[in-house]
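**Student:** Here the protein sequences come in this chain order: A and U. Quick note: the first sequence uses our numbering, first residue 1, plus one each step. Quick note: the second sequence uses our numbering, first residue 453, plus one each step.
Calculated from the structure, these hints are not laboratory results. Since the model is a prediction, treat every value here as computed from it, not as a measurement. Take these hints with a grain of salt, some might be off.
So, partial list: chain U residues that the calculated Cβ filter (under 10 Å) puts toward chain A [what the hints assert, rightly or not]:
#1 P501
#2 Y513
#3 P535
#4 T547
#5 G748
#6 L749
Just so you know, even glycine gets a beta-carbon here, dropped at the ideal spot from N, CA and C.
Protein chains: 2
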Amino acid sequence: MIVIIALLTTPLNFTNKATGYVRDMSSETLFERRERLLGAGAPLFYREPVHIVRGEGAWLYDADGRRYLDMYNNVPCVGHAHPHVVEAMHHQAATLNVHSRYLHEGILDYAERLMGLHAEPLSSVVFTCTGTEASEVAMLMARAATGGRGIISTDASYHGNSAEVRKLSASRWPAEDPAFRAIAFPQTYRPLQEGVHGTALTELYLAEVEAAIDGFERDNVPFAGMFVCSILANEGLPDIPPGFMPRAAELVRKAGGLFIADEVQSGFCRTGRWWGYEVMGFVPDIVTMGKPMGNGLPLAAVAANKNLVDTFRREARYFNTFASSPLQAAVGMAVLDVIENEDLRSSVAEVGGYLKGALRGLEAVWEPIGDVRGHGLFIGLEWVSDRASKAPDREGAIDVVNRLKDKGFLISNAGAFGNVLKIRPPLVFNKEQAELFLTAFDETLHERYGRT
Amino acid sequence: MIVIIALLTTPLNFTNKATGYVRDMSSETLFERRERLLGAGAPLFYREPVHIVRGEGAWLYDADGRRYLDMYNNVPCVGHAHPHVVEAMHHQAATLNVHSRYLHEGILDYAERLMGLHAEPLSSVVFTCTGTEASEVAMLMARAATGGRGIISTDASYHGNSAEVRKLSASRWPAEDPAFRAIAFPQTYRPLQEGVHGTALTELYLAEVEAAIDGFERDNVPFAGMFVCSILANEGLPDIPPGFMPRAAELVRKAGGLFIADEVQSGFCRTGRWWGYEVMGFVPDIVTMGKPMGNGLPLAAVAANKNLVDTFRREARYFNTFASSPLQAAVGMAVLDVIENEDLRSSVAEVGGYLKGALRGLEAVWEPIGDVRGHGLFIGLEWVSDRASKAPDREGAIDVVNRLKDKGFLISNAGAFGNVLKIRPPLVFNKEQAELFLTAFDETLHERYGRT
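Generate the whole structure from the sequences, applying the supplied hints.
**Tutor:** As C-alpha cells, then:
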C-alpha cells in the first residue's frame, strides 16, 4: 500500500516545475536526507519524485527496476551511458587530465572539429564548464569588443544563474541594472497586438528591439548587443514571426551591437539541424553552447570570429581551471563521433517530424492542447483551459506531466506560464518509442478529460 | 638543433605567469593552431610551453617522452590518473549520469561524508561545477541570509572569473560597485606599518576590517560579510598576524555579516589539515570548495549550516545542470577514499614540513629568497632583489620557474607582485621527489646567482 503525504514545501525551481511534492513512505529516508544535506527545497521533479539508478539509451530505470522512457533529458544527447562516450572518458581520464596552460593536441582537434560544424565566420572558441559560464564569457566578449554595456534579452529568457547572467531573466529576477533591457519575446500564439499576423507582426517585435536600443541611448548606456536563445526554448518554443531573428540581428549590428545566440539547448542537432540559428536563418556574432556537448560531463563553450576571441583573451585575461581540458576534449569528440556515426541529425528530423505530426493530430481532437510547436526532437504543447481565450492551464500541464510519469514517461512543463509540456528526449529517441509515448499520452488525455 | 624564436605576444594571465613566450620550431604548428582556435594569448605556462601527453602520480610526460615532476598542480590532488578515481568515474559513467532533480543516493552519501569532515555547524551543501560558481553561490547565500549586499575582500584576492566574483579582486579588476570594499591583506613580511609586529599588527589589520564595515554604513550599503581564502593563497601565502582570522570573523558577525572562507585551494588536506580554517583557528559561516575535489572532474561546492542553505534554496531557486550529479558524487567519493586510504593528510604534513625546512635552510644562504612561507604542500618563496628593502623580483622568480622547467620541475610564480615561487604539488608528492627538487633548485641557484 502506498501512503501519499502532501509536503508543505514551496520549492518552485527556475523552470517552473511541479510544486507541492507528494511522496510515498518508501522514499522517506532518501527524501529527508536530501532535504537535510542539500537544503530544504532543493529542486525535484514530480509530485512523487523518481529514484533513478541506471540509464541506457533513452531508458531510465528506478531502484525497483521499473523503466521510464526519458523524454526530457537533452544533456545525455547520444543516450544514457553511451559506450563510445564512456570509453573515451575512461581512456582519457586514465591517460591525462590537466589544466589548459600546457600545450595539448586533444583540445585543438576538438576545437577544430567543432568550429568546422559552425557557419562562417565563427572560427575560434573559448571553452568553459557550464552554460552559465559561457553566458558570462559571451557578455564579456560583446562588451570588450563594442566598449558598450547595454544588453537586450527577452522577458521570459533564462541563460544561467550567476548574478550578472540572471539580469537577462527579467521575469524571474527583475534587474535594477540600467545595462539590461528586456523585450516581449516574439511569438505568433499570443501576439503583441491581437489580430496582427505575418510580417506585420515581425515589424511590431522589431520595434521592441529598436525601442530598447533607443532606451539605452537615452540612458547613456552604450550598446553592447542582444542575447537570445535561437529558438526561444525557455520562452516555450514559440513560433517566431517570419524573419524576426535575421532582421533583429541586422538592427543590432546597425546600432553597433553584437548578436549573441544561446545554442545551449538548440545546438548539437536538437532541431534536426546542427544549430538553431540555421533553422531561424541567421548567423550570430557570438554563440554559446553547453548542455549536450559532453553528454553529462561539464562542458560548454563560446564561439565567435577570431577577432572577437582575440579581443576577449586580451581584455579578460580569462582562465578556467577545469575547462579546455584533455578530458573535455576527448568526451566532446566522442559525442560528435556518435552524432555523426549514428546519423542522429537525420534521425532527429525524422522522428521529431513524426512525433510533431501525430501530436498535431491530437491537437485537432483535444481542447486542452492549444498549440503544438517546436523543431526536431524539441516539442512544446501549449496547455490551455480555454481555446478561445488561450488561458494558460499550468495546473493541467503539471497534472498531465505527473500522470505520464506514473505511466513511465518522463516529460516536464516549461514556458513563460509554466503551461507548456516540454518534450525533449535524448537524440537517440526512436519511432517505436515515440509510438509508446503517443499511446500513453492518448490514454492520459482520455483519463483526465474523458472522450472528446 | 633547436631554434628559439621570441614571440611578440603579451598575454599576462591572471596569475601573472611568465610573459614573452619562446618556443622551438617543433611545436610551431601546435602553438599556431592554438592561437588560431583558442584565440591569441590564451594563457600558457613557461617561455617554452610544455606539451604534456600523459600523467601518473606526481609525474607528467611530454610528447618526446621526457618526464617532469609536477610541483604545481593541486587539482589532480591524489595524483594524475589515479586508478581508483578513474575506475569510479568509469563505473558511474557507464551506469548513470543525470541531473539532480531525481532522487539519487550517491550524491547524498557523498554530501554526508563531505560534511562529516567539516567543523560544526557546517552541515549542508550546494554543489556546483566550478570555484567561480561556488563563489557566486556563497555571495548569494550571504546576501540572502543577511539582507545585505556589502562584501569585504582583500586587495590581492582571486575567487573566480564571473562579472560579480571579479569585483572581489580589487587589484586586478577595480570594481565601481559600492557593494565591494577591499582591505590590505594581512601579512607580517611587508606589514601595514613598518616596525609593528605580533598582536599590535593584528590590531592594525582588524582596524582595516572595521573601516570597511564603517564605510559600508556610511554609504548606506547594508553589510553582508567578508570573503577570504583561509590561507590567503593568491595573496602569496603570507604569514598572517596572530589571531587575525578568528578576530576578523568576530568583527564581521558583530556587524551582522557572515564570514565566508574560500577553501578552493586550501581544502582537502593541502595544508596537512583537512581545511585551511583549521590551520587558522576559526570556523567560517560559509565555505567554498573546488579544485582538488574531483581530481580534475569539474566539481565544486558551498557548505554552511542548514538554515543558511535552506534560505539560499528558497531565495535563489538555484539549479545547476551538471552539478549534484551521480558522476560528481562517485568521483568526489573516490577522491576521499584515496586521501583516507593512502593517509595523504599525514604524508602532506610530513613531506611538506621536510620541504619547507630544507627551503628555510637555503633561505639562510641565498640572498634572493626573502621569505619561505606556507602550510603543508603549499609553499611560497618570496623572491627579492634586495633583502633589506624586500623589493619584489618578479623577473628573477619567472627566470627561476623557467630554469626549473628546463630541468624537469614544474612550479609557477604568484602573489600580489608575481614574485612568489609557488610550490604546490599533488598531495601524493613524496620525500624522494622533494629531494630531487631540492637538488635541482640548488643547482638553479648556483647557475643563476653563482656561489653565495
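**Student:** Each hint: holds or not?
**Tutor:** Do the hints match the structure? See the list:
no., hint, result
1, P501, "5 Å, holds"
2, Y513, "8 Å, holds"
3, P535, "8 Å, holds"
4, T547, "6 Å, holds"
5, G748, "4 Å, holds"
6, L749, "7 Å, holds"
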